[in-house]
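Turn these sequences into a full structure, and let the hints guide you.
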Amino acid sequence: MINETILQIEQLSKAYKQTIFRHLSFQVAQGEWLGIVGENGSGKSTLMKIIAGLEKADHGEIYLHEQAQSHYTRREWAQQIQLVTQYSRKSLDPMKTVAQILREPLQLWHLVPAEQVKARIAAMLVTCNLPADIVSAYPAALSGGQYQRVSLALSLLIEPAILICDEMTASLDKINERHLFKFLRTQKQMTVILISHEGALIERQCDRQCDRQCDRCIRMADFRE
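For the sequence shown, the positions run 1 to 225 when UniProt numbering is used.
These are calculated hints, taken from the structure and not from any lab test.
Please read these numbers as outputs of a predicted model, since none were measured by experiment.
There could be a bad hint or two in this list.
Straight-line alpha carbon distances no greater than 30 Å define the calculated DSSO-like cross-link-like pairs of lysine-lysine that follow [said to hold, decoys possible]:
| # | residue 1 | residue 2 |
| --- | --- | --- |
| 1 | 49 | 182 |
| 2 | 182 | 90 |
| 3 | 174 | 96 |
| 4 | 90 | 17 |
| 5 | 118 | 90 |
| 6 | 49 | 17 |
| 7 | 174 | 56 |
| 8 | 174 | 188 |
| 9 | 118 | 96 |
| 10 | 182 | 118 |
| 11 | 188 | 17 |
| 12 | 56 | 17 |
| 13 | 90 | 56 |
| 14 | 17 | 96 |
Computed spacing ranges between beta-carbons, pair by pair [as the list claims (entries may be wrong)]:
| # | residue 1 | residue 2 | range |
| --- | --- | --- | --- |
| 15 | 112 | 13 | 23 to 33 Å |
| 16 | 26 | 138 | 37 to 47 Å |
| 17 | 132 | 112 | 15 to 25 Å |
Each residue gets a CB set at the ideal place from its N, CA and C atoms; glycine is no exception.
Written out as structure tokens, the structure is:
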């Protein structure tokens, strides 16, 4: 069952040397899975970075829980909205072990008492199908799939209201992909925005789909009907 609106995009526009998108508006409900598809260069990833607070729009407004983005500090916004991007070797600090990386958000936001940090990390490793001894490894020693799952674990530990997955499973095998989606489905109140080139994946996982083309949204499809 889809709940009240959690995220509202109003007349959002962005341009670099040319227009990326303009006057873009849509809403996402709490607990909803929204799929975003579109041709290369249609601004899907730029839009997600703006929603996550990593870039600024030229015009328009984003509302979270009916409050404008300006109402939140950057830390508050990051705790509410997390972005997991397509696999790269840039998302994890290469100078820290996996344990240090995963411990950081728990301590920064005081999400669990200090004595529960180790157990919380261990549970998340199980969730992301990662071995317990990976905590002592540095990012350079991880396989592509392990690296991506540690990145996801890092975002999930924050317990965001909205998780944005930008081609998140591109480097995962089908077993790990199914495992992660099965877990995310248990998070009933979490809103998921899923970007993928796989139309079948979007249709299978999402409640609705937003088709992007050029600088506009051309269609919203509801898979619940």
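Handout entry: Contradicted hints - numbers only
Key = 7, 11, 14 and 15
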